[in-house]
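Trainee: From first to last, the protein sequence lines are chains A and B. Residues in the first sequence are numbered consecutively from 11, following the numbering used here. Residues in the second sequence are numbered consecutively from 1255, following the numbering used here.
Where hints are given, some of them may not hold.
[To be verified] Which stretches of chain A does chain B cover? Using the computed rule of at least three CB atoms under 8 Å from a CB of chain B, they are: (1) 126-134; (2) 321-329.
[Unchecked claim] Label-pair ranges, simulated between beta-carbon atoms: (3) Gly1405(B) - Val102(A): 38 to 44 Å; (4) Ser85(A) - Arg1475(B): 48 to 54 Å; (5) Phe1288(B) - Ser340(A): 35 to 41 Å; (6) Glu196(A) - Tyr1284(B): 34 to 40 Å.
No lab work stands behind these hints: they were computed from the structure. Ideal placement from N, C-alpha and C gives every residue a C-beta, glycine not left out.
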Amino acid sequence: MALLSMQNISKTFPGVKALDRVSLDVQKGEIHAVVGENGAGKSTLMKILSGVYAHGDYDGDILFDGKPARFAGISDSEKQGIIIIHQELALVPQLSIAENIFLGNECASNGVIDWRRTNQFTEELLAKVGLVEAPTTKVDNIGVGKQQLVEIAKALSKDVKLLILDEPTAALQENDSRKLLDLMLELKAQGVTCIIISHKLNEVRYVADSVTVIRDGMTVSKLDASKGLSEDEIVRDMVGRDMTHRFPDHKRTPGKVLLEVEGWNVWHPEHAERQVIRNASFNVRAGEVVGIAGLMGSGRTELAMSIFGRSYGRNISGEVRLNGKTVDVSSVDRAIDAGISYVTEDRKALGLVLDETIRFNTTLANLEGVSSGSVLKRNEETKVAERYRKALAIRTPSVFQKTVNLSGGNQQKVVLAKWLFTAPEVLILDEPTRGIDVGAKYEIYSIINDLAAEGKGVVMISSEMPELLGMCDRIYVMNEGALVGELAAGDASQERIMSLIVNE
Amino acid sequence: MEVAESDTNAAPAVRSKGIGAYISANLRQYGLLFALIAVMVFFQIVTDGTLLRAVNVTNLLLQNSYIIIMALGMLVVIVSGNIDLSVGSVMGFIGALAAVLIVELNQPVILTILICLVTGGLIGAAQGYWVAYWKIPSFIVTLAGMLVFRGLSLWLLEGQSVGPFPKEFQLIATGFVPDIFPTGLGAWLAEFFGARKVNVLALVTGIAAAALVVWIGLRQRAQNKAYGIEDEPKSFFIARTAIIATALIFVMYKLSLFRGMPNVLITMGVLTVIYAFITETTTVGRRIYALGGNQKAAKLSGIKTERLTFLAFANMGVLAAAAGLVFAARLNTATPKAGFALELDVIAAVFIGGASMSGGVGTIVGAVVGAFLMGVLNNGMSIMGIGIDYQQMIKGLVLLAAVIFDVYNKNKQG
């Protein structure tokens, strides 16, 4: 029996048709995956389902539990038992787990909170989701993976009928992801219906009973897992073409050693006694792509950011050499001048000035390149931005588009453009394909290959091991702040990387 | 390689040449200009033409000069993501300092002006130091500054008013630029306009400024076209430029009928042009917008965010000092209450001009127009004899309306 049936849903934004007669059917008690590239319309569809776009703002019908549903807002849909957990978690970090779970829904009489009952309920809920933490623990003090579980516990506290998870594992480590997916299967056994939105097709295959593929605002296919799901088939439906190679072909001939980091030590900025990076040494050759693998929290980002102008940590010691000469990387502008670029893992918070245009962001790290005597040559600036828009295939009507309006993949390309315009010799790419769709990933890989072909050294930090294995010439493995191993492309495999991490 | 267009979520560009689309995308800029015109027309009618009398136009400029001078610095501070609550007190303190130096210690005017500007810079730098390098919220640092400098001016003046100033100091605020054209020309023009006298220099400057506005506009347009940049519709460009050029000539014509251009107008005009240039077309200006828009991203792009914040406050201090000198010269005395609560007018002008509390957004021209809007409201209501009670309420509501309008606009676009 269908719990949810969305029929012929269309939604138009000024000038853009975001959804065009999309239909989505979810059976009671199943896990249903909605997949599609970024910008395909998945989020818009979920916003309609959860009432963010009120009834009347879209065309088409929604049947929930057999009855027509017309939500005027999120509170309407929540009352019906439809609960959405967004990619960006909506928890208050300063409050405890229990306070977060019952936020807006407190166990209280006359406005006075009954803490005993609150904590007791919370413990029951935490047991259900398999989270071993005290209800009074502050959300700030637990990792993203556990925060995700708190969100689910919060949903369960509200008598959920349909749970929607938007990219739930995007920020999670492999084993945390697995735990979360297993929890979904468990909830299914308890009768909760789930919709999962994901880019990660192996996960979709693992949990989903059926799949709806959306492309360009239209439903392209509906697949049934009982007949077997093939990743290739889903990818083909998503991008509208065969995708036999996930990684573009490349032939690399690494040259001389470009960047050398030796004896790098970093301490935590707030907890002075905690050493975050321990005696790390690595090198990158010209025209080489070097990967850094490791679990989240192993210190990969901290290593990169501390090298890039001491943007992280304190009491930093060690040596950085470029072309055999020691370089001063004690501030970001010096690191840039030396020829090092760092492309952040968090493009929205650390990479872009979102309210500004593509042009503004493209030239930001090298304004000297588009000015004379500190007066900006704005036409020159436009030319530069246009050049990178074409070179990196940034899909936008003009370089005067605000970056906040771009899809994840295009935002990532703008950040890359910013750093390419500083003409770096070495680029450190931190999770360069996080949260972007299959097609855009392929393009980012191609850009990385081009950079290597130009003789630049590329350091690639990634949580997705297949990506490292598919792209890198060498892979360093990092664990608890130390580089614990180095594997050549030919010798590397997911198992070997994992065993290096585990054996330490 | 070919990939399906993956940008269905992107907001539509202003490419669709519809005039309606253009207006809605640029509503804020035009809205402010039209609001100013509407308010002026309204008061011109209800005051039976008093508002735009030559003497009142001159007065209007003099009255608002110190607000505008400070609004320039405040815009920079607010764009950088901070606020400065101390400017009213600093302004009063500098006026007091000038009075003590000139009247009580008999120091030469030029030296006094120099000392005052440097002191203002140091005050701003001192506050900026705590904000920039110690990351203490600017609201708190400058709230402290507001109290400290109010107290310091009281102490400096020993609670008394000190004055009067020598003539040459008063000229800062009350002087006029003498006509350099032959008197015969002025007399002939006066006859032509049916006026008592005409200051030809003011009129010529007005026409020259208008011509400059048209020329710059046309040049920018030609360049945009050459680079294929989206531009405002032609009809809009013509209308907007015509309005601004006419307004410039009109104001200068009015001034020419009275005593010509006040010295303060020159100071104000030159400063406005300089700051508009700095914020719009220099690397420093660009970096300040980046700092306010996303401090972390700016820092990771190699921008020295601390130094910029520091400079924004030091600059604000210098401008507050300049405003203090103008204010003292205009009143011809320094009083302990000078500049009291004036910071609120300055901040209001900047926000009415379209700046955002969270930083990264705002323009010099907007702030100046915002200040004039408040000034015309003040002046018009005073002429009408509306009590200070209603004046405050109306100004408050105008500020609220302007900001609501901003937020509404932004939500609609997002």
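Trainee: Compare the structure with each hint and give your call.
Mentor: Against the structure, the hints come out as follows:
no.	hint	verdict
1	126-134	violated (count 0)
2	321-329	violated (count 1)
3	Gly1405(B) - Val102(A): 38 to 44 Å	40 Å, holds
4	Ser85(A) - Arg1475(B): 48 to 54 Å	50 Å, holds
5	Phe1288(B) - Ser340(A): 35 to 41 Å	52 Å, violated
6	Glu196(A) - Tyr1284(B): 34 to 40 Å	58 Å, violated
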